[in-house]
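Asker: Going down the list, the sequences are from chains A and B. Reminder that position 20 of the first sequence reads as 20 in this note's numbering, one-by-one numbering, no gaps. Reminder that position 76 of the second sequence reads as 76 in this note's numbering, one-by-one numbering, no gaps.
Derived by calculation from the structure, the hints in this document are not laboratory data. Every clue listed holds true.
Stretches of chain B that chain A covers, calculated by requiring three or more beta carbons in the stretch to come under 8 angstroms of a beta carbon on chain A:
1. 37-51
2. 103-110
Have a look at the derived ranges for each label pair, beta carbon to beta carbon:
3. B:Phe60 with A:Ser84: 34 to 40 angstroms
4. A:Leu56 with B:Asn79: 43 to 49 angstroms
5. B:Thr20 with A:Gln82: 37 to 43 angstroms
6. B:Asn79 with A:Gln45: 30 to 36 angstroms
7. A:Pro40 with B:Arg57: 28 to 34 angstroms
8. B:Arg67 with A:Thr106: 26 to 32 angstroms
9. B:Glu51 with A:Gln2: 22 to 28 angstroms
10. B:Arg57 with A:Ser18: 37 to 43 angstroms
Note that the structure is a prediction, hence the values are computed from the model and not measured. Even for Gly, the Cβ is constructed at its ideal location relative to N, Cα and C.
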Amino acid sequence: AQSVSQHNHHVILSEAASLELGCNYSYGGTVNLFWYVQYPGQHLQLLLKYFSGDPLVKGIKGFEAEFIKSKFSFNLRKPSVQWSDTAEYFCAALSNFGNEKLTFGTGTRLTIIP
Amino acid sequence: DAGVTQSPTHLIKTRGQHVTLRCSPISGHKSVSWYQQVLGQGPQFIFQYYEKEERGRGNFPDRFSARQFPNYSSELNVNALLLGDSALYLCASSLFAGGLAAFFGQGTRLTVV
Numbered sequence: 001a002q003s004v005s006q007h008n009h010h011v012i013l014s015e016a017a018s019l020e021l022g023c024n025y026s027y028g029g030t031v032n033l034f035w036y037v038q039y040p041g042q043h044l045q046l047l048l049k050y051f052s053g054d055p056l057v058k059g060i061k062g063f064e065a066e067f068i069k070s071k072f073s074f075n076l077r078k079p080s081v082q083w084s085d086t087a088e089y090f091c092a093a094l095s096n097f098g099n100e101k102l103t104f105g106t107g108t109r110l111t112i113i114p
Numbered sequence: 001d002a003g004v005t006q007s008p009t010h011l012i013k014t015r016g017q018h019v020t021l022r023c024s025p026i027s028g029h030k031s032v033s034w035y036q037q038v039l040g041q042g043p044q045f046i047f048q049y050y051e052k053e054e055r056g057r058g059n060f061p062d063r064f065s066a067r068q069f070p071n072y073s074s075e076l077n078v079n080a081l082l083l084g085d086s087a088l089y090l091c092a093s094s095l096f097a098g099g100l101a102a103f104f105g106q107g108t109r110l111t112v113v
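Same shape as in the complex, but just chain B:
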């Protein structure tokens, strides 16, 4: 069985640009959560989606947005990139809502220059 897949694996962007990160959950999982992991820190919660609706939002600016599609895959969008947005972005999926991010993807390493 395929695990949680994220694309791309690595990305380099310039300040001010926009980025879209993608996540495909494990088959049958309806909940997707996004986390930001800055080097040397634990993951920080950004969003959770369940059944295509936002169920939770962390303390991130409005430049961060996300959505979930009918097939339960998800996109994380970040506008007006800042150097501080450089991080590993993790997607996690679970069967149900509740933030029980049991299965994580490998992440997308975003570098903003």
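Next up, chain A with everything else stripped away, as it sits in the complex:
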């Protein structure tokens, strides 16, 4: 079955620290990958997405993610986090085979300490 795994359930960092959130997917074919963010009390927002081409994808608010096909990974990174990055982060995948649906990971709660 298609699945997305986020192994870090809760990450706590100090401001200015570097961030890397893990995401692994299990799909047999072509896959599109996404990172969403949910700030406290707000709706899900798209941070960035990978469809094809350059495996290093840049998104909003200084976030980037790297697609490594051999590792089935799409980790989210930010070189220097801010207190305002405190949120829930979800990785998601869309397979081009079968149902056209997004499959989400369980999410990673990121807490930034000022």
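Once you've looked at the hints, dock chain B against the given chain A.
Answerer: Only chain B this time, still in chain A's reference frame:
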């Protein structure tokens, strides 16, 4: 521009009752998807509609149904509510089909007691 709007924002229902949740997509968007987000989990796909036709269905029982209207707004209906249906129900819209749920609404928090 208005984003994806959902109503109501909060709802409390009793087991066995029926509920209807509503979603208005961003103007010009023709695809609407519904997701269920249980506390502590990622959103789970329920349905996708594009141009008023069902394009995808997740692993949910037949108690869950949906439809899309000519103006592209959508309703999610759940019959015979169970306690386990308590969740945040999210609607997402996009220009085209393909499940590319780029824009999410705030969600409807459903509590079944």
